[in-house]
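Chains A and B, in that order, give the protein sequences. Residues in the first sequence are numbered consecutively from 934, following our numbering. Residues in the second sequence are numbered consecutively from 934, following our numbering.
Do not rely on the hints blindly, as some may be mistaken.
[What the hints assert, rightly or not] Okay, derived cross-link-like pairs now, EDC-like style, lysine to aspartate or glutamate, Cα gap no bigger than 20 Å in a straight line:
{"id": "1", "chain 1": "B", "residue 1": "K1248", "chain 2": "A", "residue 2": "D994"}
{"id": "2", "chain 1": "A", "residue 1": "K1248", "chain 2": "B", "residue 2": "E1209"}
{"id": "3", "chain 1": "A", "residue 1": "K1286", "chain 2": "A", "residue 2": "D994"}
{"id": "4", "chain 1": "B", "residue 1": "K1248", "chain 2": "A", "residue 2": "E1118"}
{"id": "5", "chain 1": "B", "residue 1": "K1330", "chain 2": "B", "residue 2": "E1118"}
[As the list claims (entries may be wrong)] Computed spacing ranges between beta-carbons, pair by pair:
{"id": "6", "chain 1": "A", "residue 1": "D1269", "chain 2": "B", "residue 2": "R996", "range": "54 to 60 Å"}
{"id": "7", "chain 1": "A", "residue 1": "L1304", "chain 2": "B", "residue 2": "D986", "range": "53 to 59 Å"}
{"id": "8", "chain 1": "A", "residue 1": "D1269", "chain 2": "B", "residue 2": "E965", "range": "34 to 40 Å"}
Just so you know, the hints here were simulated from the structure itself, not pulled from any lab data. In this text the structure is predicted, and so the values were computed from the model without any measurement. Even glycine gets a Cβ: it sits at the ideal position worked out from N, Cα and C.
There are 2 protein chains.
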Amino acid sequence: MNRARLIAVARGDEPADLVLENAHVVNVFTGEVERADVTLAEGHIAGVGDHADAPAHKRVDLRGAFLAPAYIDAHIHLESTMLLPAEFARAVLPHGSACAVCDPHEIANVMGIEGIKLLMQLAEDVPFDFFFTLSSCVPATHMETSGASLSAADLETLIANPRIAAMAEMMNFPGVFMRFPEVLEKLEVAHRHGKLVDGHAPMLRGRDLNAYIAGGISSDHESTTIGEAQEKLARGMWIFIREGSTEKNLEALLPVVNPTTVARCCLVTDDRHPGELHELGHLNYNVHKAIGLGLDPVTAIRLATLNPASYFGLKCRGAIAPGYIADMQVLSDLGDGLLKPLAVYKDGMLAAKDGALALNITRPWPPDSALRTVNFPRCFNAGDFALNGSPHVRVIKVIPGQIVTGSFSANMPVVEGKLQSDVSQDILKLAVVERYTGKMGRSIGFVNGFGLKRGAIASSVAHDSHNLIAVGVDDSDLEIAFNRLAEMQGGLVAVKDGAVLAEVPLPVAGLMSLCSAMEVSRAVLRLNAVAHVELGCALGSPFMSLSFLALPVIPELKLTDKGLVDVAKFGFVPLDAGA
Amino acid sequence: MNRARLIAVARGDEPADLVLENAHVVNVFTGEVERADVTLAEGHIAGVGDHADAPAHKRVDLRGAFLAPAYIDAHIHLESTMLLPAEFARAVLPHGSACAVCDPHEIANVMGIEGIKLLMQLAEDVPFDFFFTLSSCVPATHMETSGASLSAADLETLIANPRIAAMAEMMNFPGVFMRFPEVLEKLEVAHRHGKLVDGHAPMLRGRDLNAYIAGGISSDHESTTIGEAQEKLARGMWIFIREGSTEKNLEALLPVVNPTTVARCCLVTDDRHPGELHELGHLNYNVHKAIGLGLDPVTAIRLATLNPASYFGLKCRGAIAPGYIADMQVLSDLGDGLLKPLAVYKDGMLAAKDGALALNITRPWPPDSALRTVNFPRCFNAGDFALNGSPHVRVIKVIPGQIVTGSFSANMPVVEGKLQSDVSQDILKLAVVERYTGKMGRSIGFVNGFGLKRGAIASSVAHDSHNLIAVGVDDSDLEIAFNRLAEMQGGLVAVKDGAVLAEVPLPVAGLMSLCSAMEVSRAVLRLNAVAHVELGCALGSPFMSLSFLALPVIPELKLTDKGLVDVAKFGFVPLDAGA
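Construct the complete structure from the given sequences, taking the supplied hints into account.
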């Protein structure tokens, strides 16, 4: 950046690249809306004020429209959008976003440090500012086969990178307050390098919360009640108010924002599925909703602009002021206009206009290693999913819209000595296959709640280790589903009567697509429709529910590639309910 | 720090070093006062909340007293206190301060980078947290002989030091908006290393202000009117509200603090003379005054604790929360109790009690180079101050309590061809002697307003180059005054009838004492009394007024060792008013 030229333009001594005239500038410093002209040069904001007569190469008359800083998402998992960074940028720039701090937790579980580096590399030349946090809890547990394990020493190799904004959410909160040495080592890696550590402490209160924060953890996005958020804030945490596709806390937590606390709260998405990203938007949706819930519009915008920049110490971002990066959005009003920015500027360039991308964004191609992460030396056959044993089994009970499960026991039908799915009880076979070592290790259990009448659905998105998981009525459709996932090197698939009816290929680490948000959104929509109409599935989001059934840190009963896990006991239990 | 132990103490698993029970904790995050116990370990705060039953090696019952974070001064020139870091700490710890960000501008003008390093080194082991900013404008001008000149390359050698919190106030504001290359190079040194640049932009508004801020300058402490402060804040600057010994802006600027802007305002002192430091206090005086002017007490405390820490990114400081450095003060109430903390804790140790220091603080001895900065190869004699020329001369007019001067012309008496002081007109000889090169270069002029009836006063504190300056009725007392300053290697002195009546030795760079705040305070008091009573001086603070008469960047007429400066013309003018 030519600083001398920026200063000269601010003073009106040299022509600006662009003057945005007659704006109502949303000033997040004063909380006011200010009638002003804004001059731009060198990708930055030069002057704000009365600059109507400033020399300029180009002038745009905003005719009184609002000009707000572009959004910064302080916490999102890119993988939840199933999009590569370039496609994510294409999707969210028209919604007014220009920067995101991403926790690459999912790809880190599949590919380790190399996965994090891959995402960083794919984000590098995109006209959108990606920062990353360094995934702190890979793998989640040792009760599953994981694609990677990140030690403190591994994390230290990347922590000083200027694109690493913090150590990522420390999900192993008992590991902090119980002082597991390997957990404390990771904290010290961050502290030693002067980096923040993001938190993840659902329902943690009192002394355990004090102990967790004493570990040097400075934010939390897991509060679900106002009392919890207030306590965390009072103990020094920044509160990230989350409204994503899975977890929705905005309404419950908004009262934590008051004149004293406002500087330490942010609006974040955490996750946003491709369909919602495309249809509803990104942070503009959250800001609009916060205003609908009664928050002052300038304050709501501040929570998604200046505040995330302040928290992470991202300099010269999140406001419209001299020297700031020229990431801005033009809005017709501060109500429904937030949902449809008239124009978005990134680094002073017109990036989107009336909801359509106005920049050419090329999508870098991932290296072959990222496209080859499902390792099966042979195809599956139906016999691989046959199950012997006692017909009286433990059953995982899916609870619609939640990631916790229930459990109960049931008697399964037996054919030729083999346990079968039972559509009449809605208890179906659930299979998890390990994808990393080539040993094809697997375990098979039973799940209630999917409501499939026939066929199978399968996914390579299965938190946190992302082994392959499928639920199905018969073994031959399970066979076809797993083999198709292997062929696609990951994705989502619905199978009926021996044929693949619909699929969403996710060949990048088995987590992300090579397509656009609209393409992925449509494919997911079609897949869900097939699951509902053709297979008779009763769940609203069957693939979302499926993706959490292998996560052995969320109660109550889960299935990993190593077996059935009773989360309360933090250990394996037999399928046989009598054992 | 043993983080595992801190966490264990926070949880109550291991005994705390200390529990402060039954406190009313001033919570700067929530704005509330909270009934809580606070556990301490490893010099840090472990837990805050209900910890009455926590195991501990020691317990102190605060019986409902208030517990507030200790103060952080975001902007002070240590040299204005005339105290070395250890003595400063001894003076301000009892007033509730534990951290200061110091601009070593004065010693940098005398000794350059070595002077800054010297202060940093003298501060190193003191139980008080000194941070420094890197003096950006040394020397102020080239119209005087300076002890040092700091280039961008010089500053780059120190900028990455973790004790350097920012580039110091960029006083050369025209140099920024007029894009002087050497000024922009200094800004880039800071930006390249991710450090902030503090501002100094008195009365700067509009486009020039925009241009200055576009240089990447993020704070200002020079506003004197509310409109000026509001404009700077709206353009992105943090507002340091100054209330020092010289400049008092608190009352005028306090209205800039409102629920939206409160997170970006700080209370600072800028300068605090030793007497006021000792008698009135440090930031506790400013906080108390702000409350008296109507600010909510918790907010007032926040402006001098959490906010300065936030601005500089000083982690884990400025609040009472788990993991924070245990710098705290016990207060009987949040009114007059602020002026007299009952106890002060630094790093969890009792540092002061009832206004008295409770820690043993040793004072490191400065190296000989710092004690030998006045370089005269011979003594002065009265003839050195004789003045020929036209009796119609330009006269500097001192304005009481201000650092700007007026000017007028007058006719001086002539004796044996030499111009003389004239007590009847209150126009006295003013002499500035260059102290660095050994050449003893000097210039002589006339000043009105001191009111001396006899004798002379002299000082080695003379902004910004700190040459020696004296005002006197006759040449022989000027001779004695300068020779005494040389003997003392700097200081303040009052001379009458050939004898030194009072003095304050400032042997460290000619700026700072080797004594305590109380000793310096008493010596200055005595010196001023002598100037008033024995010499008949009419000015309230004659040495303060004297110290600004050689500063050629403040209007209107000044005298440097190189001659008389018309500041408006930014150039020299002859003493002869007719020339």
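Okay, the hints, checked on the actual structure:
1. B/K1248 x A/D994: Violated - the C-alpha atoms of A/D994 and B/K1248 are around 43 Å apart, more than 20 Å.
2. A/K1248 x B/E1209: violated, 37 Å
3. A/K1286 x A/D994: With a Cα-Cα distance of about 15 Å, the restraint between A/K1286 and A/D994 holds, given a limit of 20 Å.
4. B/K1248 x A/E1118: holds, 19 Å
5. B/K1330 x B/E1118: violated, 37 Å
6. A/D1269 x B/R996: 54 to 60 Å: holds, 56 Å
7. A/L1304 x B/D986: 53 to 59 Å: holds, 58 Å
8. A/D1269 x B/E965: 34 to 40 Å: The hinted range 34 to 40 Å holds for A/D1269 and B/E965, with Cβ atoms some 36 Å apart.
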